[in-house]
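Single-letter residue listing:
2 protein chains.
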Amino acid sequence: MASTNPARGTRDFLPADVRKREYVIGIIKEVYESYGFEPLETPAFENLETLTGKYGEEGGQLMFKILKRGEKLDISSASKVADLADLALRYDLTVPLARVIADNRNELPKFFKRYQIQPVWRADRPARGRYREFYQCDADQIGSSSELVEVELITAAAKIFDRLGFKDYVFRVNDRRRLSEMVTAASIDAALESDAMVALDKLDKVGKGGVLKELAERGITSDAAERFLAFALDADSAPRSESLSKIIDLLPMDIAVKDDPSLARGLSYYTGMIVEVNVPDLPGSLAGGGRYDGLIGMFGKEQIPACGISLGLERILVVMDERGMFPPEIADSTPADVLVTIWNEETTPESLRLAAELRASGLRVTVYPEADKLGKQMKYADSIKVPFVCVLGESEIEAGTATLKNMRTGGQTAAERGKIGQLIKEELSANS
Amino acid sequence: MASTNPARGTRDFLPADVRKREYVIGIIKEVYESYGFEPLETPAFENLETLTGKYGEEGGQLMFKILKRGEKLDISSASKVADLADLALRYDLTVPLARVIADNRNELPKFFKRYQIQPVWRADRPARGRYREFYQCDADQIGSSSELVEVELITAAAKIFDRLGFKDYVFRVNDRRRLSEMVTAASIDAALESDAMVALDKLDKVGKGGVLKELAERGITSDAAERFLAFALDADSAPRSESLSKIIDLLPMDIAVKDDPSLARGLSYYTGMIVEVNVPDLPGSLAGGGRYDGLIGMFGKEQIPACGISLGLERILVVMDERGMFPPEIADSTPADVLVTIWNEETTPESLRLAAELRASGLRVTVYPEADKLGKQMKYADSIKVPFVCVLGESEIEAGTATLKNMRTGGQTAAERGKIGQLIKEELSANS
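Chains B and C, in that order, give the protein sequences.
Just so you know, the first sequence maps onto residues 1 to 432 in the numbering used here.
Just so you know, the second sequence maps onto residues 1 to 432 in the numbering used here.
A couple of the hints might just be wrong.
Each computed DSSO-like pair below joins lysine-lysine, with the alpha-carbon atoms no more than 30 Å apart [stated by the list, open to error]:
| id | chain 1 | residue 1 | chain 2 | residue 2 |
| --- | --- | --- | --- | --- |
| 1 | C | Lys419 | C | Lys405 |
| 2 | C | Lys246 | B | Lys373 |
| 3 | B | Lys376 | C | Lys29 |
| 4 | C | Lys110 | B | Lys385 |
| 5 | C | Lys80 | B | Lys80 |
| 6 | B | Lys405 | B | Lys379 |
| 7 | B | Lys379 | C | Lys29 |
| 8 | C | Lys379 | B | Lys301 |
| 9 | B | Lys72 | C | Lys72 |
| 10 | C | Lys110 | B | Lys379 |
FYI, nobody ran anything at the bench for these hints, they're computed from the structure.
This is chain B alone, in the form it adopts within the complex:
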């Protein structure tokens, strides 16, 4: 007998979970659309070569690779992964976007604004809030290097957090170019720049001491390391970034923004502004992003500027669940508005007709699947928390009525068939 567990690090989403996910995704889509972003979807897997070398060393390790098929698979002469795998699961939504842009440059508008809400897969060690299958909700704008792009992306993301009910989020912003200047100003060898960034990126996790230790291990003198860290911890002493100042100035006053020279971000493809969104009760970030003006050029002849932000659906859901941020109609959703009972075999067609009538009036209607004792049908209705039950027996059919039971109040009324839908809708909206 096979195991009934989902694969390690993945989850099944039962109806209550899906409704919460769809509520959040619905708001994200609505806001992205209101900012003129258009939907894009890409395949779950890409040719291995499309993803290889885009995410740094760790990315290569954590990618799920797909076994070659049929004659292409020659196990006996295989000596390395590339002999065995030709495809890999999507690792993020940015690299597939860059490929799509390069592939469709002539069909897409000069400034292309797309959003994409799809799962990505990483073979990371599963932990609390860290899964091997998780959704990213990205918005990116292609084709302009103007700071207005960053401003609109941050404003849209802030609007999403507002709409979801977050009040304590902060956008931390920095600039990769400024980080380079900090490296120079601290007299760190230019060859060690990426080492300095990798070490700084761990500040939240390992603290100041940890970063200094790693900087030392990576061959940076303690004087230079101290200077670099001093810049990172004090926005006033760090080199200024005109681009960043412009972005901060243009952002609406009511968005909490922190100029944070310690923000580094892990991915290697960023070239300008970088951003992360934090709330106090979550280690790690709710969203992150930045400008990546070099990535699309890796797929096409043309260098095309681009900038994007990515919202982490799973982390947003974790915080919203812990804080009880879902509206009641989502938190207490029911499988249907009303259950129609089945009296016996002869009355079944009439019960099906009643269900059709109630659906036509806009209700979600489930029909008990078998002729059975009324008590059992009521017990089932109770177990699925359906707010109304419609009983249709021979006497009701003859009278052109049905008995409507309100499962919350226990109240019961005989009502004309044609008026039941309206009755249920009124009581439902009075209750909400």
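Chain B is fixed; fit chain C onto it per the hints.
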């Protein structure tokens, strides 16, 4: 330079494609919900053992398998696929559902009705309308062997096709138990039953002669084969199925149903009624399904009856595209309702405020990302087919107005800032 193509047999969906897909998915969800089905989602990949042996020989060949990772992968001592792969991409939505039911039996209601709209992956040879990544839109009801389940599933699917605008679909129904009786009545050896089904399943593709030839190749005498095919081609001569008669009697009169003893269906897990939905201009089916009372028992201790239907999104889209069945707001969708221009650096904050005002009134607003010549901004607005442009220069800002240009009529008016949103909404709704 890496290739910019998506992987073989997969597709990128640009905005116009996504909007069509979401329109169809939206209707499918709405109807499934109105019948009391609840949403479920499962991971893209399953443990290999979960899927192995559930789909017959072909299924095993066409499954995308995922390479083991890290220390688990030992290429040098691998001699077969099971040494190299531990996971596989979802091949359909039914087997994952059966696993979820067995895994959550105590948390789920006695009669569990779920829908699931997710992609599945098969390494089939790509052809017109046949992809390696494609969406299935399934509804299944678990826990009852009553024919009412089949009736509600077929009625819900018919409602979906109605809502999408199909008028010429036919539900072909048959019963696996009746096919067994046909095998017996034709004096075919019981041991050759599944051979007879496999051969009959190809009737649409290879015709009568082809089926007779394959029946002969599979060791069935020509007399028996002729009798078997005669039953398959004439519902009146074929053995009766009481269960099927009951289903057909209970279905609403306005659903076109054909009792078709030649319908066999490929998958091996069906045990009772089977169904397919056809339209004249598409080889193959728009939907298919059936009863599978034995599958869940393969994962748990308990045998639990189940029945489901699966709509093929890609085929529905192919037919709707060819027939021009999309409503104009989907077929001619635009990335935004209005574009706000940028006059110069000084006026930019005011343009952003105007965009925020228009969004607050419910419009989808895109902002030109750079201060540039007005002619270039207009040209861009034209290229993305946005219906309105809002020009905000220094004089407009001073006067508290903006210039609104209707890109379809070419008409231009100066309007009070506070009234522009309403103005655009009125013209948009007058146009639709």
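Right, here's what the structure says about each hint:
1. C:Lys419 with C:Lys405: Status holds; Cα separation ~14 Å.
2. C:Lys246 with B:Lys373: 21 Å, holds
3. B:Lys376 with C:Lys29: Cα-Cα ~29 Å, so holds.
4. C:Lys110 with B:Lys385: 13 Å, holds
5. C:Lys80 with B:Lys80: Holds - the C-alpha atoms of Lys80 (chain B) and Lys80 (chain C) are around 15 Å apart, at most 30 Å.
6. B:Lys405 with B:Lys379: 13 Å, holds
7. B:Lys379 with C:Lys29: Holds, at roughly 27 Å.
8. C:Lys379 with B:Lys301: 25 Å, holds
9. B:Lys72 with C:Lys72: 22 Å, holds
10. C:Lys110 with B:Lys379: 11 Å, holds
Checked against the numbered hints above, the structure breaks none of them.
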